[in-house]
Every structure is written in structure tokens, then in C-alpha cells.
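Line order of the protein sequences matches chains A and B.
Numbering of the first sequence is given in this note's numbering, commencing with residue 1 and proceeding in unit increments.
Numbering of the second sequence is given in this note's numbering, commencing with residue 1 and proceeding in unit increments.
A few of these clues could be false.
[Claimed, not checked] Pairwise CB distance ranges (calculated): (1) L62/A with N390/B: 27 to 33 Å; (2) L84/B with Q89/A: 38 to 44 Å; (3) G200/B with S218/A: 42 to 48 Å; (4) D140/B with F5/A: 47 to 53 Å; (5) K277/A with G200/B: 54 to 60 Å.
If you're looking for bench data, these hints aren't it; they were derived computationally from the structure.
Where is the CB? At the ideal position from N, CA and C, for every residue including glycine.
The lines below spell out each chain.
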Amino acid sequence: MEVIFQLGVSGALMGLVYALIAYGFQLTFATSKSINFGQGELVMLSAFISLTLQNVGLPYWLMVPAGLMCGVLLGLVVERVAVRLALEQKSEGWILMTIIFGLFAFSAAENIWGRDDHPFPTPISSEPMHFFGISVTPVELSVAIGVLTVMGLIELFKRKTLWGKAFEAVSADRDAAELMGISAKRTIMLSYGLSGLVAAMAGILVSPITTVGPTMASALILKAFAVAVVAGLDSGFGVVIVGLFLGALESLASFYIGSGWREAPGLILLILALAMKPSGVFGKVSIRKV
Amino acid sequence: MKKILLATLLLGFSTQLFAADSIKIAITGPFSGGSAPMGVSMRDGAMLAVNEINAAGGISVGGKKMKIEIIERDDEAKNDRGALIAQELASMDGLSGVIGSVNTGVVLAGDKHLQEKGITKIVCPAAGSASMTQWADKADKPGVKDLSIFRFAASDGIQAAMVVEEAINRKFTNVAIIHDATNYGVSGRDDLLNQIKLQGNKLNVVATEKFNIGDKDMTAQLLRAKTAGAQAVLIWGIGPELAAVANNMDKIGLKVPLIGGWTLSMSNYIDNAGKNANGTLTPQTFIEEPITARAKRFIDGYHKAYHVDSIPSPMSAAEGYDAMLVFAAAVKQAQSTDTKKIKLALEDLKDPVKGVIATWKHPYSKWNPADEQTHEAFRRENVVMGMIMNGRVVFANEADKQRLIKQEK
Numbered sequence: 001m002e003v004i005f006q007l008g009v010s011g012a013l014m015g016l017v018y019a020l021i022a023y024g025f026q027l028t029f030a031t032s033k034s035i036n037f038g039q040g041e042l043v044m045l046s047a048f049i050s051l052t053l054q055n056v057g058l059p060y061w062l063m064v065p066a067g068l069m070c071g072v073l074l075g076l077v078v079e080r081v082a083v084r085l086a087l088e089q090k091s092e093g094w095i096l097m098t099i100i101f102g103l104f105a106f107s108a109a110e111n112i113w114g115r116d117d118h119p120f121p122t123p124i125s126s127e128p129m130h131f132f133g134i135s136v137t138p139v140e141l142s143v144a145i146g147v148l149t150v151m152g153l154i155e156l157f158k159r160k161t162l163w164g165k166a167f168e169a170v171s172a173d174r175d176a177a178e179l180m181g182i183s184a185k186r187t188i189m190l191s192y193g194l195s196g197l198v199a200a201m202a203g204i205l206v207s208p209i210t211t212v213g214p215t216m217a218s219a220l221i222l223k224a225f226a227v228a229v230v231a232g233l234d235s236g237f238g239v240v241i242v243g244l245f246l247g248a249l250e251s252l253a254s255f256y257i258g259s260g261w262r263e264a265p266g267l268i269l270l271i272l273a274l275a276m277k278p279s280g281v282f283g284k285v286s287i288r289k290v
Numbered sequence: 001m002k003k004i005l006l007a008t009l010l011l012g013f014s015t016q017l018f019a020a021d022s023i024k025i026a027i028t029g030p031f032s033g034g035s036a037p038m039g040v041s042m043r044d045g046a047m048l049a050v051n052e053i054n055a056a057g058g059i060s061v062g063g064k065k066m067k068i069e070i071i072e073r074d075d076e077a078k079n080d081r082g083a084l085i086a087q088e089l090a091s092m093d094g095l096s097g098v099i100g101s102v103n104t105g106v107v108l109a110g111d112k113h114l115q116e117k118g119i120t121k122i123v124c125p126a127a128g129s130a131s132m133t134q135w136a137d138k139a140d141k142p143g144v145k146d147l148s149i150f151r152f153a154a155s156d157g158i159q160a161a162m163v164v165e166e167a168i169n170r171k172f173t174n175v176a177i178i179h180d181a182t183n184y185g186v187s188g189r190d191d192l193l194n195q196i197k198l199q200g201n202k203l204n205v206v207a208t209e210k211f212n213i214g215d216k217d218m219t220a221q222l223l224r225a226k227t228a229g230a231q232a233v234l235i236w237g238i239g240p241e242l243a244a245v246a247n248n249m250d251k252i253g254l255k256v257p258l259i260g261g262w263t264l265s266m267s268n269y270i271d272n273a274g275k276n277a278n279g280t281l282t283p284q285t286f287i288e289e290p291i292t293a294r295a296k297r298f299i300d301g302y303h304k305a306y307h308v309d310s311i312p313s314p315m316s317a318a319e320g321y322d323a324m325l326v327f328a329a330a331v332k333q334a335q336s337t338d339t340k341k342i343k344l345a346l347e348d349l350k351d352p353v354k355g356v357i358a359t360w361k362h363p364y365s366k367w368n369p370a371d372e373q374t375h376e377a378f379r380r381e382n383v384v385m386g387m388i389m390n391g392r393v394v395f396a397n398e399a400d401k402q403r404l405i406k407q408e409k
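With these hints in hand, go ahead and build the complete structure from the sequences.
Now the structure itself:
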């Protein structure tokens with residue numbers, strides 16, 4: 001019995017990282033109906049920048065806000081370079097552009113920091129703690145706390161502030177919002193900035209576990225896609241649930257079925273979701289008037 | 001301006017003259033990227049030997065002292081680049097031979113071009129079994145009659161044998177095998193299972209688990225090993241994932257030794273696993289401890305020449321150094337820079353070569369497609385068991401250390 005709980009907890013904690021990255025997809029999809037396919041590279045770049053900041057002597061607690069700011073900047077760069085023009089022309093060019101941005105970021109990282117994986121120093125201990133026979137490391141707990149805090153704050157921001165309300169309004173109906181005097185352009189910038197922030201947070205949180213390297217996010221990003229699609233692209237609450245569930249399921253599957261089957265349940269879930277509820281388990285069915 | 005032009009012209013002319021009087025050897029390997037610590041250490045170790053030989057005036061060939069000239073090529077651990085480089089080298093005029101390759105994939109992609117032209121190559125330090133077995137007899141296809149490829153590294157076969165032997169010596173009966181899903185990991189698993197059978201089935205494999213490149217959460221695989229009662233984890237993979245395994249073992253409280261291939265001495269394992277790497281056991285051909293005069297001279301020489309306090313991959317450096325000495329001995333014996341004559345000399349090396357790993361007595365013999373050992377330099381006794389301790393590789397068994405000290409005397 002303990003084994004099941006241990007597997008569930010370990011997997012679910014990793015699942016929260018998928019959820020955070022998936023949340024980054026949601027933020028931009030809500031306002032602009034576009035997704036940054038280079039989100040994984042954003043996670044990786046932010047992690048590398050944060051590592052560099054630490055290496056030049058910035059203490060951890062200062063590095064975190066600085067790293068997050070870099071994430072926001074990167075998010076804005078993606079919006080300006082890869083998304084804005086395509087959206088203005090109502091074309092789907094952002095798909096290719098964000099992929100290209102990701103590829104570019106990947107080669108840049110390889111050339112600047114090399115192809116090696118680097119350890120990411122953190123003041124948080126990785127000595128395991130034991131609760132009722134389940135081992136959890138403080139680093140893993142910090143991931144969980146960090147993910148939930150960031151998502152909670154952003155949700156709060158969306159509900160309680162004027163900018164946040166503008167965000168919700170553009171998400172609900174872009175044309176109507178513009179008629180009400182809300183600048184959709186600024187709101188989309190805001191959403192890309194937030195999505196960059198979320199990516200940077202994911203990078204900082206997960207790096208002590210995964211180490212920092214150009215390919216660090218490639219495994220995560222596919223899972224995050226699955227989470228975003230299964231949960232639906234407009235439910236922040238949904239990604240957490242699906243992330244936790246998928247993470248735990250992966251662990252349990254590789255234990256009970258065999259380690260070769262680790263990825264299978266996630267993929268089956270993805271296929272089922274697409275076949276039976278394409279808008280996502282927690283998604284809203286969008287009504288389109290023609 | 002004219003003077004400068006003249007000077008460069010003359011200089012160009014003189015180096016060309018010099019080139020005709022030198023022994024041209026190519027060194028290939030990954031000098032950038034994830035495998036770079038091994039490639040760079042191998043190259044720098046080999047260069048140390050070249051510098052020593054050249055400082056002493058070179059090798060006397062046909063009554064004339066000739067210096068060694070090195071041609072460097074970075075294959076970036078990419079198979080396609082390795083193939084291109086091999087094609088370039090195969091058609092290069094006056095090339096005496098090639099030393100290098102870290103990655104088995106690069107060897108498989110490139111060596112056929114060298115073999116076709118009969119260019120002598122010493123593969124070093126790539127350890128994958130396939131590098132040599134590709135030329136040997138197989139059930140469906142006979143091997144090549146004549147081979148110009150030699151190896152100077154402890155093959156995975158030897159390493160797997162030692163890993164199993166170590167587990168038996170430590171009186172374990174139940175072990176788990178964990179490997180990555182690449183060719184390297186899967187063939188490592190097969191080598192291990194094969195060795196367990198060969199060494200009398202004394203080990204009971206209670207779990208066989210795999211993981212993918214990029215996986216960081218190994219909890220499930222390790223819990224299977226733990227619940228099945230594994231007393232040791234035998235492992236075949238590369239740096240970053242090995243580190244994830246070591247870190248996860250600590251987390252779930254699986255406090256058993258990790259024993260596996262030499263990749264456990266890669267810096268990206270040792271650095272990323274930190275204190276969790278302590279106690280890891282892995283076969284090594286060279287350990288960076290100045291236990292003999294020769295080892296001390298080599299280690300000090302390396303540190304001084306490249307301004308480091310520790311060699312990134314001591315094994316690769318020592319193998320590169322010894323491989324170069326063996327090659328130089330073959331040139332001397334052949335009394336020629338012709339690659340085909342050097343090959344014949346390598347197959348029947350008369351004088352022992354005093355290297356830093358061992359004194360190499362007749363390391364190779366005439367190629368026999370039924371037995372690839374004829375072109376393999378390393379035997380079981382050339383390899384020792386290493387243990388990771390506080391970020392460095394040390395001797396795991398005092399007996400190995402004493403044996404090496406005694407050998408030198």
C-alpha cells in the first residue's frame with residue numbers, strides 16, 4: 001500500500017510541473033487563440049539565465065525575481081517577433097514562427113552554454129523527509145508550493161485587478177472587449193508576458209531536479225501539451241487536476257505494467273480526450289455563430 | 001608589405017618541406033558537446049605523448065629522425081560528421097594512421113571508409129562492443145579477411161564481466177538491472193545477463209527495468225527494485241540519467257551499491273549526483289592517483305600542460321597517451337610512415353611499450369575474424385574497479401592498487 005502512495009505522490013509532484021507549463025499555453029490561448037510552440041525552450045532559456053545569474057554571484061532569493069523578469073521579457077519578445085504580425089494579418093503564421101523561435105533558442109543555448117547538463121544549485125535541501133512511510137524531498141515540495149502559488153496569484157490577478165478584468169474580457173470576446181475600449185493588443189502582450197513568467201518559474205523550480213541543459217524541457221513539453229489538451233485550453237483549475245492525475249498515472253503504470261509502458265497511459269488519455277471530448281475534460285464548448 | 005608576403009611565402013614553403021619529413025597522424029573525437037570531456041582528454045593525453053616524442057627529436061625512420069605531425073578533426077559525437085571525416089582522412093595523402101573516436105555510433109558510421117582504403121586506425125576510447133564485432137564472423141555473414149582497425153579501450157564485454165564479478169564478490173545474490181532504452185543500454189543489459197550466466201548463475205535478477213533519455217523521475221523503476229529486494233543495482237546508461245537514478249535511490253531510501261559501465265565516471269554523473277554518487281562502482285583502466293612513478297609523471301604532466309587540477313576523463317587521457325605510444329612503437333618497428341606497413345607492425349609488436357596504464361607486450365596479433373580479441377589491446381587484468389568518492393574516482397579494492405604498484409617494479 002505504501003508503494004502506491006509513494007508512486008502516486010512522486011508522480012503527482014512531477015505532474016504539477018506539466019501543469020505549470022500547460023498553464024503557460026492556456027494564458028496565451030485565452031486572449032489570442034495562439035500558443036507558443038517554443039514554450040519548452042522558454043523554460044530552458046530562463047533556467048540557463050537563472051543559472052548564469054547565480055554563477056555571477058547573485059543570491060538565490062534575488063535570482064528568482066530576476067529570472068522571472070527575464071522570463072517576462074522573453075515572453076514579450078516571442079509576442080513581438082513571432083506572434084503579433086501573424087495575428088494582425090489573421091494568419092496562422094504564428095505556428096511556424098514560434099516553432100522557429102524555439103529552434104533558434106535551442107541552437108543559441110547550445111552555442112552559448114554548451115550541450116552539457118549542469119547542476120542547478122539551490123538552498124532547498126534534497127535530503128528526503130518521511131511522512132507516514134512516504135519519502136518526499138523538500139525540493140519536490142518546493143515545486144508543488146511554487147506551482148500552486150504562481151497559478152493562484154495569476155488567477156487572483158485575473159479576477160481582482162483592472163488589468164486582469166481586461167484579460168478576462170478579451171478572453172471571453174475579443175471584438176466586444178475592443179468595442180468597450182480595451183486594447184486587445186496590450187492584453188495579448190500581457191498574456192505573453194505572464195506566460196513567459198510561468199515558463200521561467202517552471203524552469204527555476206524544476207532545474208534542481210532535472211539539471212539544466214538544452215534538452216531539459218523536451219520531455220516535459222510533450223507531457224504539458226497532453227495535459228493542456230486533456231484538461232481543455234481554458235481551465236486553469238483543470239490543468240492542475242489533469243497534471244496531478246497524469247503524473248501519478250505515469251508512475252503507477254511504469255511500476256505495475258513495466259517501465260517500458262510509462263508513456264502509454266498519457267497517450268491513451270490524450271487519444272480518448274480528443275475522440276470523446278475535444279474541448280477538454282474541463283473545457284467549455286465554444287459556440288460559434290456564423 | 002612585400003617583406004611580409006615573402007616571409008609568409010617562405011614560411012609556407014618551409015612548413016611544407018617539414019611536412020614531407022613528418023609522420024602524419026590524425027586524432028578524431030568529440031571536442032565539443034556532451035562527450036567532449038572524453039574527447040578532449042583523449043586528445044590532450046595523446047598530445048602529451050606526441051610532445052614527449054618530438055621533444056626527444058622524433059622517431060628514427062630509415063636512419064632519419066622524423067617528428068609527429070597531428071591533424072585534428074572534431075566529430076562532435078555526430079555519426080554523419082564522423083562519416084565525413086573518415087572519408088576525408090581515407091583520401092588524404094601520406095597519412096600514417098588515425099587515433100580516436102569516443103562514440104560507438106561514430107565508429108560504426110566512419111570506420112568502413114578507413115578499412116576500405118586500408119588506413120590503420122586505433123579506436124580509442126570508444127568501448128561499445130559493436131565497434132570491433134562488426135568486422136568479426138557472424139552467423140549469417142563471414143567477417144573481413146584483413147582488418148586495419150584496432151582498439152585501445154576496455155570493451156563493454158570486459159566491463160560487464162567485471163560488474164557481475166564485483167557483485168558476486170560482494171556476496172550479493174539478488175540484483176536489479178536498470179538500463180537506458182538506447183542501443184548502448186540494451187546491449188549493456190544483454191552483456192550483463194550473458195555474464196551472469198557465464199559466471200555460474202550466482203546472481204538472481206529480481207527486476208529488469210529501463211528508462212528513456214531525458215527521464216528524471218526513476219521512482220517507479222527503483223521501487224520495483226526495492227520491493228523485489230535487490231541488494232545491488234547493475235546499471236548501463238549515460239551521465240545525466242545515471243545521476244537521476246542515484247538521486248532517486250537516495251530519495252526512496254534504496255541504500256545499495258550502484259555498479260555499472262565506465263560512463264559512471266563521466267563528470268556529468270559525478271557532478272549531478274553529488275554526494276549520492278559516493279560508493280558507486282565502475283570499471284576503470286586508469287585512476288588519477290599517483291601510485292607509481294609513471295602515473296605520477298603522467299598526471300603531473302597533464303595538469304601542468306593543460307592548467308587543470310584534475311583530468312576531465314582520466315581514463316580517456318591515459319588511453320590516448322598509451323595508444324599514441326603504441327602507434328609510435330609500430331612506426332619505429334616498421335621503419336616506415338606507410339600505413340599498411342604500420343598495420344603489420346602493430347599486429348606483431350616486438351618491443352614492449354611502457355605506457356601509463358601498463359607495459360604493453362605484444363598487445364595485438366594477426367586479425368582473425370573468428371576472434372576479435374586479436375585486435376583488442378585490453379585484457380581483464382588491465383582494468384581495475386573504481387569507486388566514486390567525493391567527486392573523484394578512487395581505487396575500490398586495495399588489492400588492485402597493490403597489484404599495479406607491483407607490476408611497475
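ask   = Which numbered hints does this structure break?
value = none
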